[in-house]
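**Student:** With the sequences and hints as input, model every part of the structure.
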Amino acid sequence: MVDFNKLIKVWQNALMKPSKTFKEQARHANLKDGAIMFAISGVIVALLTIITSAADVTTIISGPISTIIGWLIFSGILLLFAKLFGGKGNFNTQSYLLAVYGAPLAIVTGLISAVASLTGISGISMLSGLLGIYGLYLLTLALKETHEYSMMRAFLTWAILIIVFIVILVMVAATMLTTILGIFGLGALSLA
Numbered sequence: 456m457v458d459f460n461k462l463i464k465v466w467q468n469a470l471m472k473p474s475k476t477f478k479e480q481a482r483h484a485n486l487k488d489g490a491i492m493f494a495i496s497g498v499i500v501a502l503l504t505i506i507t508s509a510a511d512v513t514t515i516i517s518g519p520i521s522t523i524i525g526w527l528i529f530s531g532i533l534l535l536f537a538k539l540f541g542g543k544g545n546f547n548t549q550s551y552l553l554a555v556y557g558a559p560l561a562i563v564t565g566l567i568s569a570v571a572s573l574t575g576i577s578g579i580s581m582l583s584g585l586l587g588i589y590g591l592y593l594l595t596l597a598l599k600e601t602h603e604y605s606m607m608r609a610f611l612t613w614a615i616l617i618i619v620f621i622v623i624l625v626m627v628a629a630t631m632l633t634t635i636l637g638i639f640g641l642g643a644l645s646l647a
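In the working numbering, the protein residues as written are 456 to 647.
Everything labelled a hint here was simulated from the structure, so no lab data went into it.
All values reported here derive from a predicted model rather than from experimental measurement.
What you were told as hints is all true, and nothing was included just to trick you.
Under the rule of at most 25 Å between Cα atoms (straight-line distance), these lysine-lysine pairs were calculated in the BS3-like manner:
1) 487 to 543
2) 475 to 487
3) 543 to 475
4) 472 to 461
Here are the in silico distance ranges between beta carbons for each label pair:
5) 587 to 639: 35 to 45 Å
6) 589 to 528: 17 to 27 Å
7) 460 to 570: 23 to 33 Å
8) 539 to 461: 29 to 39 Å
9) 637 to 461: 55 to 65 Å
10) 507 to 547: 33 to 43 Å
11) 524 to 634: 26 to 36 Å
12) 482 to 529: 20 to 30 Å
13) 638 to 463: 48 to 58 Å
14) 483 to 588: 20 to 30 Å
15) 531 to 509: 27 to 37 Å
16) 482 to 605: 18 to 28 Å
Here a beta-carbon is modelled for each residue, glycine too, at the ideal position from N, C-alpha and C.
**Tutor:** Put into C-alpha cells, the structure is as follows:
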C-alpha cells in the first residue's frame, strides 16, 4: 500500500532540498517504488491531458506504461555513460533517484501545461522550460549522489548523451534527405 503522505513529503523534499533528499533516499532505492512513483505521476498527467485536450481515455493506461518503459530505458543508457565517467553506482539506485524527482516534476509540468491550455495564457508555458532546466540540475545531483563523482562528471554524463543523440539525429536526417533527393532525381543536390 502506498503511503501518500510520505510519498508527497519525499517528492516535496526532492524538489526543494534535493541533495539532502537524494542522500537519504539512496538507502531506500528499489525499482518497484520508482515504478509506483512514475505510475502515479503517469496517471495524474494522463488525467490532466484528457481534461485539457482531445486525448483518448486509454491514455490513463498507456501513459503510465510508456512513462515507466521510457524511464527504465533512459536510466539504462545514462548508466552506460555514467560508467564511462567512472561512476560507481548501480541501476537500481540511479533509477530510483530519477523517479524521486522525475515523477513530481512531471506532475508540476503537467499542471502548468493544463493551466496554460485552459486559460490560453501562453506565457505560463515558459515555466515548463524553466522546470526542464531545473530538472537537468536535479539529474546532475542524482547522478552525483548515485555514482559518487563530481558535479562536472555528472553534468558530462547527460550532456555528452544529448550531444551523441543530436549527432545521431542529424546523421539520420541527412541520410533521409539524401535518399529523398536521390528518389526524385535531385542527387546532385544531396548532402553526401
